[in-house]
Amino acid sequence: MRKKRRGFLNASTAVLVGILAGFLGVVLAATGALGFAVRESLLLKQFLFLSFEGNTDGASPFGKDVVVTASQDVAADGEYSLKVENRTSVWDGVEIDLTGKVNTGTDYLLSFHVYQTSDSPQLFSVLARTEDEKGERYKILADKVVVPNYWKEILVPFSPTFEGTPAKFSLIITSPKKTDFVFYVDNVQVLTPKEAGPKVVYETSFEKGIGDWQPRGSDVKISISPKVAHSGKKSLFVSNRQKGWHGAQISLKGILKTGKTYAFEAWVYQESGQDQTIIMTMQRKYSSDSSTKYEWIKAATVPSGQWVQLSGTYTIPAGVTVEDLTLYFESQNPTLEFYVDDVKVVDTTSAEIKLEMNPEEEIPALKDVLKDYFRVGVALPSKVFINQKDIALISKHSNSSTAENEMKPDSLLAGIENGKLKFRFETADKYIEFAQQNGMVVRGHTLVWHNQTPEWFFKDENGNLLSKEEMTERLREYIHTVVGHFKGKVYAWDVVNEAVDPNQPDGLRRSTWYQIMGPDYIELAFKFAREADPNAKLFYNDYNTFEPKKRDIIYNLVKSLKEKGLIDGIGMQCHISLATDIRQIEEAIKKFSTIPGIEIHITELDISVYRDSTSNYSEAPRTALIEQAHKMAQLFKIFKKYSNVITNVTFWGLKDDYSWRATRRNDWPLIFDKDYQAKLAYWAIVAPEVLPPLPKESKISEGEAVVVGMMDDSYMMSKPIEIYDEEGNVKATIRAIWKDSTIYVYGEVQDATKKPAEDGVAIFINPNNERTPYLQPDDTYVVLWTNWKSEVNREDVEVKKFVGPGFRRYSFEMSITIPGVEFKKDSYIGFDVAVIDDGKWYSWSDTTNSQKTNTMNYGTLKLEGVMVATAKYGTPVIDGEIDDIWNTTEEIETKSVAMGSLEKNATAKVRVLWDEENLYVLAIVKDPVLNKDNSNPWEQDSVEIFIDENNHKTGYYEDDDAQFRVNYMNEQSFGTGASAARFKTAVKLIEGGYIVEAAIKWKTIKPSPNTVIGFNVQVNDANEKGQRVGIISWSDPTNNSWRDPSKFGNLRLIK
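Positions -29 to -1, 1 to 1026 (mature numbering (1 follows the signal peptide of the UniProt record, and there is no 0)) are the ones given, in order, by the sequence shown.
In short, the hints are calculated from the structure, not lab data.
In this text, a Cβ means the ideal position worked out from N, Cα and C, and glycines have one as well.
Errors might be hidden in some of the hints.
Computed list of lysine-lysine pairs in DSS-like fashion (alpha-carbon distance at most 27 Å, straight line) [unchecked claim]:
{"id": "1", "residue 1": "K974", "residue 2": "K955"}
{"id": "2", "residue 1": "K611", "residue 2": "K148"}
{"id": "3", "residue 1": "K530", "residue 2": "K562"}
{"id": "4", "residue 1": "K521", "residue 2": "K533"}
{"id": "5", "residue 1": "K533", "residue 2": "K498"}
{"id": "6", "residue 1": "K315", "residue 2": "K214"}
{"id": "7", "residue 1": "K771", "residue 2": "K796"}
{"id": "8", "residue 1": "K533", "residue 2": "K458"}
{"id": "9", "residue 1": "K338", "residue 2": "K561"}
{"id": "10", "residue 1": "K460", "residue 2": "K360"}
{"id": "11", "residue 1": "K645", "residue 2": "K843"}
{"id": "12", "residue 1": "K139", "residue 2": "K105"}
{"id": "13", "residue 1": "K224", "residue 2": "K214"}
{"id": "14", "residue 1": "K608", "residue 2": "K521"}
{"id": "15", "residue 1": "K562", "residue 2": "K520"}
{"id": "16", "residue 1": "K214", "residue 2": "K192"}
{"id": "17", "residue 1": "K342", "residue 2": "K498"}
{"id": "18", "residue 1": "K224", "residue 2": "K179"}
{"id": "19", "residue 1": "K823", "residue 2": "K880"}
{"id": "20", "residue 1": "K354", "residue 2": "K224"}
{"id": "21", "residue 1": "K612", "residue 2": "K520"}
{"id": "22", "residue 1": "K460", "residue 2": "K533"}
{"id": "23", "residue 1": "K16", "residue 2": "K110"}
{"id": "24", "residue 1": "K760", "residue 2": "K771"}
Cβ-Cβ distance ranges computed for the label pairs, FRET-style [to be verified]:
{"id": "25", "residue 1": "F778", "residue 2": "E675", "range": "26 to 34 Å"}
{"id": "26", "residue 1": "T75", "residue 2": "E766", "range": "35 to 43 Å"}
{"id": "27", "residue 1": "T75", "residue 2": "G836", "range": "34 to 42 Å"}
{"id": "28", "residue 1": "A957", "residue 2": "K796", "range": "37 to 45 Å"}
Given the sequences, and given the hints that come with them, work out the whole structure.
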């Protein structure tokens, strides 16, 4: 059915997009593709509208064979739409020319509808094409998946940047995965914001006094201080705190209105001498709440002596009755003194286009897609029960639910009276009611945990810890009451949560539970839960269950409980990040599944877009969202593979802005964005074939090689590049180095068949690293077949080559010299490599295998110098004394800072020796303040030694990799792959620090001169309070060596 043409934005789905001036800038949906409806008072002005009613004005084909016509086949509105057909390249599409119509640095909004005719979902992308004094370049602005035969509205914010007057600026709409279908475009609009400012509803710089601010906590003091200020001359000083929730607060009940979203900004400062976490929180209670809620708006790590901004948004639903809205500032450090300044609250709805966004009705329901494998669950805050959009999204996709906090002990316990526990079940009961109304099951989370359990629960009326017998009875009462209350309504319980600590001798966390009851509390908790509801499934739940040492402890614990009939399954939380190696998760699932009769639940799944704990993006990078999606696809492939034991997969949060991760720093860890729209991570589960290729990144070292088919030692300095087949098996391992204008490549390829004319490798080099939908003159590729024939796209490129045969495999080596190019250290090049087996291509980066026609999906290589040190042959005495033999070998220093600074934190000068039995390490540590109070050994003053004997530099620990640790009192501890049997140490305290001598027994190699191993040494620095404040190593500024050997440097053994 066609509709009457309208000259403004259409409304089939709904979105909330704010266009704000002032300190908020322009707020738009992070990844594009959003449909929207507009209210009366527009703050956008339209300067381009293409209706395609009988013409193609304003649009042109992009691609040499593409045909665009005005068509009456289908239309989003009116009688016509633009038909795009005859695409032969994946980047072919339609181009909207905006040359001369847009200005550099100005914010714009592209809106259009797209309809595609294939028989499956397809990926659509929008590119910005710029030609100016800097040259020609292309940038992907948005990716959105569109189902067949449905008009999808797509919204793309963009802000052009030009060098001089641009010769060309245009937007290209394309479908970059397939070309064998027709698509249509309609209602193309480009808009720009009218001038408008946000409405500030509250603001203070404390220059005129405290105002309505109050101390939070009976002994807390707040005062106006002239000592430091973010702006002006004064700030609010908060002191005399004794608890984490103590701080400064102000009631906003009379200021904030229902049905509005507010933006909060404040600046905080502390001078404790170390990093601290400061949190901006809203205390709220609506008449529909059974108890007061505490919701983080933003938390941040605040370095000592620096002002840090806290900013976030908070929405008050329409239709609620507000009883309390109190903004306050707190810190996890209960005694921290801190300053607050420049607090501002902005009503975002006062200066925005008010657009309403709804969950997408046209996309498949996850619970239906996965119904033959396992239940699909979601963890929910109680606020979803008053939000119809939340309810729609939950009921469409999920058939299992978990209370995010409302079934934890601190939510259920109401105190104690006459020796009996008092409970409050009103909020928790809402989860049961909601589940029953929507055909869902409920997972109970959690009964026994070291967190979110009140301190008084472990104490008697005099404040003393209970005896073991008394604690046992209290545990019995608690579990019998809670599990009994929900008997027959909660189908599975996380009975014990996070009780394992692999750094303890028995592998168990030294919690208050353990302090009072020893390890017996675990078995008793399961016994009492089984008594209370024999039909409920009982789980042990934990994070990082894939880490080998922790995995094995959990396996033994659960196996023992299972043999006693006390447990039904293992809950693998799966709070992971882009740094997590998915193969380790599969290894854990495989091991756990060998316990007879065991079930596995994935209980708290989310994937952070970060690789470290310190980065903080203002917007989610496109590459991070793509990588997140690919990891999600890998995960669900594994989950489905083991669906005989995996019976529930639960996401820890409904959408990105509801995630606990987003309260600590900006993060986008879930499968739906803040506007209820499906992300690429959703499509990774439903239709992984539509995902954009993940542009890979790696590093290669400087070096030269003689091309004779042997892997020179210089190749070992570079991280290997691995190519995988469809089953996840390594198809090829490739190493590259660079020198002057030459790239050297050596690889070993697995190939069971011998077809010389159809087997080979292809190397692609993009020297200027510009991504274009065609090859530029400097782009170079070489295809080398196993019959030694080759194909080179440029006559002026010099290629040397070698192919070495093997059984079910072959090796190859090439040098590719590109004239007119000089590679330089710390520069970046575009690069890809593909293996061809029986004519089928397997690529490292561009999995569309279109590298011969464009560079859009090439990977990136950073050209580095060699991170290498040498170890001299020799055998010292390990006694804490510095033998003369140590002076014969090279000295290296820890200078890679992951936390702290070289000026303020502990560092070490290190020397290394070796013989046939051991690797020897001497570390002279400069550290005037020594402390080992922290129960976590890695947070004590200590030295860690990492080795990778085969120097494979994998992103996960292999059998030859190990992490050893010793503190300044010669107390040893171990990470993955290490043990006391291989580690001999001696430590000596000296003025201003300590000396560590260590011998590490070789495990998998017989070393010889010129052997190169992976190596790193790290110094952990604790302050006088037992808090780690410094992490400085030789080779790894990311603090990921504990799980990622690719971060190690290279150590060459010499004689």
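How the hints compare with the structure:
1. K974 - K955: holds (14 Å)
2. K611 - K148: Roughly 25 Å separates the two Cα atoms, so the pair holds.
3. K530 - K562: holds (11 Å)
4. K521 - K533: holds (18 Å)
5. K533 - K498: Holds, at about 12 Å.
6. K315 - K214: holds (26 Å)
7. K771 - K796: Within the cut-off at roughly 23 Å; holds.
8. K533 - K458: Distance ~21 Å between K533 and K458 Cα, so the pair holds.
9. K338 - K561: holds (24 Å)
10. K460 - K360: Distance ~25 Å between K460 and K360 Cα, so the pair holds.
11. K645 - K843: violated (57 Å)
12. K139 - K105: holds (12 Å)
13. K224 - K214: Holds - the C-alpha atoms of K214 and K224 are around 25 Å apart, at most 27 Å.
14. K608 - K521: holds (24 Å)
15. K562 - K520: holds (12 Å)
16. K214 - K192: Holds, because 13 Å separates the two Cα atoms, which is no more than 27 Å.
17. K342 - K498: violated (32 Å)
18. K224 - K179: Holds - the C-alpha atoms of K179 and K224 are around 22 Å apart, at most 27 Å.
19. K823 - K880: violated (49 Å)
20. K354 - K224: holds (18 Å)
21. K612 - K520: Cα-Cα ~24 Å, so holds.
22. K460 - K533: holds (23 Å)
23. K16 - K110: holds (25 Å)
24. K760 - K771: Given that 27 Å is the threshold and the Cα spacing comes to 12 Å, the pair holds.
25. F778 - E675: 26 to 34 Å: With Cβ atoms ~30 Å apart, the hint holds.
26. T75 - E766: 35 to 43 Å: Between T75 and E766, where Cβ atoms are some 40 Å apart, the hint holds.
27. T75 - G836: 34 to 42 Å: holds (37 Å)
28. A957 - K796: 37 to 45 Å: holds (39 Å)
The structure is inconsistent with the numbered hints 11, 17 and 19, although it conforms to all the rest.
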